[in-house]
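Fit chains B, C and D to the supplied structure of chain A, relying on the hints for placement.
Same order as they appear, the protein sequences are chains A, B, C and D.
The first sequence runs contiguously to residue 494 in this note's numbering.
The second sequence runs contiguously to residue 494 in this note's numbering.
The third sequence runs contiguously to residue 494 in this note's numbering.
The fourth sequence runs contiguously to residue 494 in this note's numbering.
No wet-lab data here; the hints were simulated from the structure.
Incorrect hints may appear among the rest.
No copy labels: a pair is met if it fits in one copy or bridges any two.
Subject to a maximum C-alpha distance of 20 Å in a straight line, what follows is the list of computed SDA-like cross-link-like pairs (lysine to any residue) [claimed, not checked]:
1. Lys240 with Ser424
2. Lys196 with Asn167
3. Lys240 with Val287
4. Lys447 with Val287
5. Lys196 with Asp285
6. Lys196 with Gly286
7. Lys447 with Ala429
8. Lys196 with Thr170
9. Lys240 with Asp285
4 protein chains.
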Amino acid sequence: MRFFSDNAATACPEVLAALVEANRMDTAYDGDAWSKRLDGAFSALFETDVAALWIATGTAANSLALAELCPPHGAVICHKDAHIQNDECGAPEFYTHGAKLLLVEGEGAKLTPASLEERLDLVPDGVHWAQPHAVSITNATEYGLVYTAEDTAAIGAVCRARGLGLHLDGARFANAAARTNASPADLTWRAGVDIMSFGCVKNGGLSAEALIFFDPDRAEATRYRRKRAGHLLSKGRYLAAQILAMIEGDLWLRNARAANNASSRIGEAAGPERLVVPVEANEVFLKVTPEEAAALRAQGFDFYDWAPGEVRLVTSWDSDLAHVDALAAAIRAL
Amino acid sequence: MRFFSDNAATACPEVLAALVEANRMDTAYDGDAWSKRLDGAFSALFETDVAALWIATGTAANSLALAELCPPHGAVICHKDAHIQNDECGAPEFYTHGAKLLLVEGEGAKLTPASLEERLDLVPDGVHWAQPHAVSITNATEYGLVYTAEDTAAIGAVCRARGLGLHLDGARFANAAARTNASPADLTWRAGVDIMSFGCVKNGGLSAEALIFFDPDRAEATRYRRKRAGHLLSKGRYLAAQILAMIEGDLWLRNARAANNASSRIGEAAGPERLVVPVEANEVFLKVTPEEAAALRAQGFDFYDWAPGEVRLVTSWDSDLAHVDALAAAIRAL
Amino acid sequence: MRFFSDNAATACPEVLAALVEANRMDTAYDGDAWSKRLDGAFSALFETDVAALWIATGTAANSLALAELCPPHGAVICHKDAHIQNDECGAPEFYTHGAKLLLVEGEGAKLTPASLEERLDLVPDGVHWAQPHAVSITNATEYGLVYTAEDTAAIGAVCRARGLGLHLDGARFANAAARTNASPADLTWRAGVDIMSFGCVKNGGLSAEALIFFDPDRAEATRYRRKRAGHLLSKGRYLAAQILAMIEGDLWLRNARAANNASSRIGEAAGPERLVVPVEANEVFLKVTPEEAAALRAQGFDFYDWAPGEVRLVTSWDSDLAHVDALAAAIRAL
Amino acid sequence: MRFFSDNAATACPEVLAALVEANRMDTAYDGDAWSKRLDGAFSALFETDVAALWIATGTAANSLALAELCPPHGAVICHKDAHIQNDECGAPEFYTHGAKLLLVEGEGAKLTPASLEERLDLVPDGVHWAQPHAVSITNATEYGLVYTAEDTAAIGAVCRARGLGLHLDGARFANAAARTNASPADLTWRAGVDIMSFGCVKNGGLSAEALIFFDPDRAEATRYRRKRAGHLLSKGRYLAAQILAMIEGDLWLRNARAANNASSRIGEAAGPERLVVPVEANEVFLKVTPEEAAALRAQGFDFYDWAPGEVRLVTSWDSDLAHVDALAAAIRAL
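This is chain A alone, in the form it adopts within the complex:
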């Protein structure tokens, strides 16, 4: 019974069918009919004109966004637990040609206006110090917390006041949108987000994320950077088709709701005492002793050792509710 990672899940049937359906001769790269529909589909979803590019991974999508927002001699502010800092082997530094990530502390991998301002104030003005050019937040965060539209807008207001770009790592944006019931627009550009990675792979996709520019003109240089990074697949239609299958209906929300529902059940079983942070998306962080972790594993549950005394359990669009309920019972029984 796998609760290890949403990356281990399968592709959902609708996505796979769309990929198979795209197996027709068409123009190479992103000149095909599917790729050309992306801008329109995301503009409809976000209720504003956007430019949307398919990207094979979230790591590349995040890094391309940062390369647009920050020059090599600049800095990006993010949480110390951010995926871009901890889990991408320096991809942001590769794509930005060495911009610095300046780190903020705070519970649940979540930035607040106050913690952001405090970090910004530590950087003196002058050429000896890489100046902040952008802020990056993750929604849902690496600890499964959610930024509401208001939370994001408060961060966005600091960015606007300071002249900083705002990037949103949306690897689990669907889970955040499903949880908050806020519109995609309210969670992003209306709150000041400039560029976002719109995650599909953790939500039932196979090999495609979308990189969304809320100012379409800002996508131009990224088209060159995508090619230069070897990310312009010659048969891009198979990526575009996956994404369209996700968002042209409400599949992305349905899948996310299924995952959120599964994690909520586990979180309720665990109770606030045992939770490291509240369960707001599809991740559950439990405080367990090594013996308790071993006991759960002995019952067939697979999960990730996150930190000493903490484990992470992740649900996904295809989580088996029987497994979920078994896990919930096992946690109650600890």
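Here is chains B, C and D on its own, set in the frame of chain A:
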């Protein structure tokens, strides 16, 4: 009737079936069962122990190879018509952090030992000049010419004598292997090739190439570079499965033979006077007047204007022989 | 009797005296009184508001200029014999993070509007090809030819029409200015130059060049890049003082005239048959047989083997006229 | 009365005289007689064969060292207050092409074996995490603390055990050597240091630091990197001469002792209560109220506001003892 590019072709049924078959939960990234079979499958194909990594594009595969073979302050020798110089928007410079490409002239995008030595001799010894660290050749070349095992070995001998690494861009390696009937081993490591990109996408694949290290230890740093470039897909099994479908049988050769056969028919119809270079792989370069090009297009044939007075026609694994014969007839009738 | 390189010459007394005079406590980096005078001194020289930064080497100055004019995914057009292509070990690629240099042929390392346009036209539009963002010329060229104000304006006009920045490598700008008697303004910004390296070291300086931005606002990011490259010396006043000594009087022109005068004498002795290109600055390129070269060396003349059958002789501000006349006589006697 | 920075000090007479003395024609770059003496002079000083390169700034010297010790996809461990992290505008990231700096906490900007091991243990093994390749320490530290030979050896032992390179930022190495009376060898290579920046500019130099490779073979690639960074000055003899003047006698220690003596007087006047950290080199960090800081400034003392409630006072080789004693008295009187 499309003869525009082998990138426009579809994925062949066996590859697509393998991808669909891989839609099972497994370990993320390249920890899954399919990815783990790559080393063995390519070691069998090449009759030596190799390390094999899936990469989503040939551009990334080539650039990762060059990053392993050449430091940022070094230079790579290649033909002036090489794909890495002309068609990758500076990807080799991105991945190598700015190594220089030093260019060699010569017919049909093909290097010879003499032209290679001549270029090498132009670089003075000393810190003012980026020193060559590697050579890159493409087989079949960008003009559809083939390096035989002996051709490659002659280049490899120069590389060994000069202490240079040898990279092979094998986007159309299958076409070269099918044409020469040489063993993959003879065309590569026995001829001195250190790292190669083994192309699948132009040969009926969907979204996966293989990067082959003939010294498996040299793959280690590339695993980090692949991650850092955002090319470690979280569901890598779908890429590995495509590649395995290609090489665990003889699909890669069957597909290439079909494409080669189609181009040969066109080349024979054209005759030596009209051909820019002989037809050895799946590309035909014709000398045509603008009027002749227009006449062909008026009959429904689609192709690429390569240079003033030259057009390129590309066949692929799924070229319709009726279309091929129609094209051959139309060329004869010019 | 050294005619090997103007880099081997000494610092002229006025420059050395100014450096010694600057040995007083002052603010670090470029906050001192000397550094603060640079903008004004160069604005007077160029008859327009400029920003001027001291840089320890011409290689760094050129590369910083290119980094301002061209993004990492872009290309710079220059002559195939340009210093930035041939003699800087990839410094432009380092500073631009891998932009490509696209090369133009032509006699005497000199670009013409026609050769420039021809090269530009070879780059297709689209993301597969690094798009030109800037042009770089060298005045005097690496072969000692001079761009007149009109020559430069013709290049500048192409740049403006194409939306390209124009960089001038002025390592020997003083020699060009002395030869043409054109005003510094006419040779640069009035002709369309955006950024130039104003050479001092080859002209009697010790360790300082000036990087001139004809749009002062464009200097801002370069201040960060200079620091980031380790080129913001903590005691910058010693560099600023050298430059001021050069340009606040007419020392830069006096020194260049002396060098030009010496090379002219040698060129006249050689005669047009023996000259590879006309002598217009402080370099003489002679066609000589190996025996002739040996004969000159046997008489005590030291110089550089430029290419098979060609040698380079360089004069400088402190060339001993007795040596120059001895060399002229020896060449006549060949 | 300036206690702002040792960068504001003048060049000492011996250094300036040596520079003037070097104003003779010689071979360009580092082919001259002075540059060729560097290896021997430093080998004598360090009692082992070293390679020594002149570099115009400590920032460039540090960054070149890190580029040799750490690949672009790797990480360097340093203190969170290290100059390379805080005051070089991302120069290490520029030269290493984006390696990550992983930060260690601890008093006085000093690493301990325990804090180093603790940080290392936080990095999981695997391609998702930039793996540590090197450690960088500063002696004397950015807070003026000194690593004894034993302190350094303890860090070096961790590096050896973990397979990490060890870089020493020696911008104020002379002050540390003068304080500890340890031999240069014991403070460096015998303690496990691989490469060091040997500072001169803060110690009476004008524009030259030395980069020392304790394994001379490791200097080879750095010669190319130095050129590529525009740091190979064409008249290098003026830099080499400064360094030789420093180390061929005991000038470097005499100057450092003078600076240390001045800071000690101030530190004694301040007393342990008022000191942020003990005074071990030429920097004094005082706890003062805004009113106290203003009072000192009103008496003509110039210094740097380091942090809320903390000021930094720096002495140098030429500190006027009358000023020093006046300052000491003023601090006592607070």
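Now the hints, each set against the structure:
1. In this assembly of identical chains, Lys240 and Ser424 lie within 20 Å of each other by CA distance neither inside one copy nor across copies; the values are 26 Å within and 39 Å between.
2. In this assembly of identical chains, Lys196 and Asn167 lie within 20 Å of each other by CA distance solely across copies; the values are 17 Å between and 27 Å within a copy.
3. Taking identical chains as interchangeable, the C-alpha atoms of Lys240 and Val287 lie at most 20 Å apart only when they sit on different chains, with a minimum of 19 Å there against 24 Å within one chain.
4. When the C-alpha separation of Lys447 and Val287 is checked against a cutoff of 20 Å, the pair qualifies neither within a copy, at 45 Å, nor between copies, at 27 Å.
5. In this assembly of identical chains, Lys196 and Asp285 lie within 20 Å of each other by CA distance solely across copies; the values are 19 Å between and 44 Å within a copy.
6. With identical chains, the CA atoms of Lys196 and Gly286 are at most 20 Å apart between copies only, with a shortest distance of 16 Å across copies and 44 Å within one.
7. For the identical chains of this complex, Lys447 and Ala429 are intra-copy neighbours only, at 13 Å inside a copy versus 52 Å across copies, given an alpha-carbon limit of 20 Å.
8. Taking identical chains as interchangeable, the C-alpha atoms of Lys196 and Thr170 lie at most 20 Å apart only when they sit on different chains, with a minimum of 18 Å there against 26 Å within one chain.
9. For the homomeric pair Lys240 and Asp285, the shortest alpha-carbon distance between copies (19 Å) is at most 20 Å, but the shortest distance inside one copy (23 Å) is not.
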